[in-house]
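Colleague: Sequence:
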Amino acid sequence: MLFLIFLSSGLFLGWSLGANDAANIFGTAVGSKMVSFRKAAWIASVFVVLGAVFQGHGAADTLTELGSVDALAGAFTVALCAAITVFLMTRSNLPVSTSQAIVGAIIGWTAFTGRQTDLTVLSKIVTTWVSGPILGIIFGGLLYALLRYSLRKSSIHVIKLDSLLRIGLIVAGAFGAYSLGANNIANVMGVFIPSAPNLCINFGLFTIDGVQILFLLGGIAISVGIFTYSQGVMQTVGKNILALTPEAAFVVVLTQALVLFLFSSTSFSNFLISIGLPPFPLVPVSSTQVVVGAVMGIGLIKGGREIKFKLLGGIAFGWISTPVFAGILTFFALFFVQNIFNLEVTSTALQTIGDNFKPEVIESQARNLNLVIPSITALAFAVIVTLIYLFFRQQKLRLRAENQLLQQQNQSYASTKSLNELELNAIQMQNTLLANKLELKRQELNTILMNISEQRTFLETITTELSVLVGTDKVHLRDKKLNELITLLKQRMSFTKEIDDFYQQIESIHKNFVLNLTEKFPSLTENEKKLATLIRLNFASKEIATLMNITPKSVEIARYRLRKKMGLMPRESLFDLLKSL
Numbered sequence: 005m006l007f008l009i010f011l012s013s014g015l016f017l018g019w020s021l022g023a024n025d026a027a028n029i030f031g032t033a034v035g036s037k038m039v040s041f042r043k044a045a046w047i048a049s050v051f052v053v054l055g056a057v058f059q060g061h062g063a064a065d066t067l068t069e070l071g072s073v074d075a076l077a078g079a080f081t082v083a084l085c086a087a088i089t090v091f092l093m094t095r096s097n098l099p100v101s102t103s104q105a106i107v108g109a110i111i112g113w114t115a116f117t118g119r120q121t122d123l124t125v126l127s128k129i130v131t132t133w134v135s136g137p138i139l140g141i142i143f144g145g146l147l148y149a150l151l152r153y154s155l156r157k158s159s160i161h162v163i164k165l166d167s168l169l170r171i172g173l174i175v176a177g178a179f180g181a182y183s184l185g186a187n188n189i190a191n192v193m194g195v196f197i198p199s200a201p202n203l204c205i206n207f208g209l210f211t212i213d214g215v216q217i218l219f220l221l222g223g224i225a226i227s228v229g230i231f232t233y234s235q236g237v238m239q240t241v242g243k244n245i246l247a248l249t250p251e252a253a254f255v256v257v258l259t260q261a262l263v264l265f266l267f268s269s270t271s272f273s274n275f276l277i278s279i280g281l282p283p284f285p286l287v288p289v290s291s292t293q294v295v296v297g298a299v300m301g302i303g304l305i306k307g308g309r310e311i312k313f314k315l316l317g318g319i320a321f322g323w324i325s326t327p328v329f330a331g332i333l334t335f336f337a338l339f340f341v342q343n344i345f346n347l348e349v350t351s352t353a354l355q356t357i358g359d360n361f362k363p364e365v366i367e368s369q370a371r372n373l374n375l376v377i378p379s380i381t382a383l384a385f386a387v388i389v390t391l392i393y394l395f396f397r398q399q400k401l402r403l404r405a406e407n408q409l410l411q412q413q414n415q416s417y418a419s420t421k422s423l424n425e426l427e428l429n430a431i432q433m434q435n436t437l438l439a440n441k442l443e444l445k446r447q448e449l450n451t452i453l454m455n456i457s458e459q460r461t462f463l464e465t466i467t468t469e470l471s472v473l474v475g476t477d478k479v480h481l482r483d484k485k486l487n488e489l490i491t492l493l494k495q496r497m498s499f500t501k502e503i504d505d506f507y508q509q510i511e512s513i514h515k516n517f518v519l520n521l522t523e524k525f526p527s528l529t530e531n532e533k534k535l536a537t538l539i540r541l542n543f544a545s546k547e548i549a550t551l552m553n554i555t556p557k558s559v560e561i562a563r564y565r566l567r568k569k570m571g572l573m574p575r576e577s578l579f580d581l582l583k584s585l
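Each residue of the sequence shown is one higher than the one before, counting from 5 in my numbering.
Mixed in with the good hints there might be a few duds.
[Stated by the list, open to error] Cut-off 35 Å, straight-line C-alpha distance, at most; resulting in silico cross-link-like pairs (DSBU-like, lysine-lysine): (1) K557 x K515; (2) K557 x K484; (3) K557 x K533; (4) K568 x K494; (5) K557 x K583; (6) K494 x K484; (7) K494 x K478; (8) K569 x K441; (9) K557 x K546; (10) K569 x K583; (11) K157 x K400; (12) K445 x K478; (13) K494 x K546; (14) K515 x K569; (15) K494 x K421; (16) K494 x K515; (17) K445 x K583; (18) K515 x K441; (19) K485 x K524; (20) K569 x K494; (21) K445 x K533; (22) K485 x K421; (23) K583 x K568; (24) K421 x K515; (25) K484 x K583; (26) K569 x K557; (27) K306 x K43; (28) K400 x K421; (29) K421 x K441; (30) K515 x K546; (31) K441 x K583.
[As the list claims (entries may be wrong)] Distance ranges between label pairs, derived from CB positions: (32) I324 x K400: 16 to 24 Å; (33) L403 x R95: 45 to 53 Å; (34) S558 x K524: 21 to 29 Å; (35) I466 x R565: 19 to 27 Å; (36) I490 x K524: 24 to 32 Å; (37) M573 x L442: 46 to 54 Å.
Treat the hints as calculated values from the structure; they're not laboratory data. Yeah, the Cβ is synthetic: ideal placement off N, Cα and C, and Gly gets one too.
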């Protein structure tokens, strides 16, 4: 149970690696939308575990040569500090190297315990930090140029090409995930190898030992990191450094797979030895560095115009600061673990404590302290100053962003307020118009009601007069009274007031027409202007006769006179002329 508790920091580091380095396997593919994130995560998880279990020993042995952390508490602290470093860098969306974090943490452990760091192994590892991106640039550029040349020479249909690239991305991604598990499982579980349980499990087709069980647990932790926290770094590497086409995405994934496989393949290294060549170093390599190198190689083939060098500068800063921060954090963390929690961070701790009182040991330690303490102090001071600068710079950027956001919100609020006021004014004006219309309708209804009442009274009067005449034998008086009623009815039928109101409304609506007509034909009389207005409104002759209180024959004569005054030819349309005014 205690072993599992100490192992938790390695699992946390595996989760961080999955969130950062393992995401780069399919980062470019997902960034170019050739493969969905969920499908990529499943493929990467399965093959990472297979590569870790069956080919993880090579790079892990090199990491153990750098510093064999032979106590569980020390291994726990080293893995935890490396994981914290990667996690903090990942939270900043910087695709850092897990390999650099664990190497920096191991060097912090050797510095604290007084162990000698194997400079040969360290130089081999540091060399790969440079050679890994360089190989990524070379492989990426060559593969992209070769693929582009092959596509130009071939006549593959675009739909078939898209399908082939999707299949190629999945195959290359699976290969890359296998290579990543084989190469980078050393970062996750390498420090726990000296404390691995001594057991062996036979599954029939294959057998795994205690170290491979550790690798299996680390591979599962990497898979969890891929699923839970890898999309942010995918966007940084897959889209932000360089906008990738599907062809370029395939090349990046294949390049990452090939480079990591070379740095983890024992068979390839033995093959080089068998033909008389120096062996290929079996060292944990940062997949992030290889991916960035491949992307840069493609960008250089394209002319280098699309590479965002400012973003690359931020990534390079993450690579430099990662081992330094991890080493310093591990050094101080080991001090607390050993002196506050009284846990052994190395199996020789009790012996060195007993030997510390010998004069020659004291003199040797004093010489070492005279060299180490100033270096560590200067390095710590530089790191602290850098972190303080970054903190205040981040605060400044955050305040600037917040001020810009506040200004945008204020502008948005002012715009919304002005818009609301305009809408309110429009609504008020609309309400006023509706109220005016309602009042006009009310007045029209009152007028209609008064007309109805007046007509009713008039008809009742006529009815009374006619009922008196019914049955009378005074013919002279009856005829006289009937003539009076006929005259009264004719007067009533003239509708002079209603017709005048009708013409007033027409003139108010067609005011421009009347003005243009008067200006163009000043000799027209008022009746002719009214006739022209009614013709323009397309009234029939019978309707015009009723409104003007004349006969239809008189309307035709008036039309003829109007055409003559306007100078129209026989085939020209009076209606069209009036419509154009």
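Colleague: State for each hint whether it applies.
Modeller: Status of the hints after comparison with the structure:
no. : hint                    : verdict
1   : K557 x K515             : holds (29 Å)
2   : K557 x K484             : holds (32 Å)
3   : K557 x K533             : holds (18 Å)
4   : K568 x K494             : holds (33 Å)
5   : K557 x K583             : holds (24 Å)
6   : K494 x K484             : holds (16 Å)
7   : K494 x K478             : holds (24 Å)
8   : K569 x K441             : violated (41 Å)
9   : K557 x K546             : holds (9 Å)
10  : K569 x K583             : holds (17 Å)
11  : K157 x K400             : violated (53 Å)
12  : K445 x K478             : violated (50 Å)
13  : K494 x K546             : holds (19 Å)
14  : K515 x K569             : holds (21 Å)
15  : K494 x K421             : violated (65 Å)
16  : K494 x K515             : holds (32 Å)
17  : K445 x K583             : holds (30 Å)
18  : K515 x K441             : holds (21 Å)
19  : K485 x K524             : violated (51 Å)
20  : K569 x K494             : holds (33 Å)
21  : K445 x K533             : holds (29 Å)
22  : K485 x K421             : violated (76 Å)
23  : K583 x K568             : holds (17 Å)
24  : K421 x K515             : violated (40 Å)
25  : K484 x K583             : violated (50 Å)
26  : K569 x K557             : holds (19 Å)
27  : K306 x K43              : holds (30 Å)
28  : K400 x K421             : holds (31 Å)
29  : K421 x K441             : holds (30 Å)
30  : K515 x K546             : holds (25 Å)
31  : K441 x K583             : holds (29 Å)
32  : I324 x K400: 16 to 24 Å : holds (22 Å)
33  : L403 x R95: 45 to 53 Å  : violated (20 Å)
34  : S558 x K524: 21 to 29 Å : holds (25 Å)
35  : I466 x R565: 19 to 27 Å : violated (38 Å)
36  : I490 x K524: 24 to 32 Å : violated (44 Å)
37  : M573 x L442: 46 to 54 Å : holds (50 Å)
Against the hints set out earlier in the document, violations occur for numbers 8, 11, 12, 15, 19, 22, 24, 25, 33, 35 and 36.
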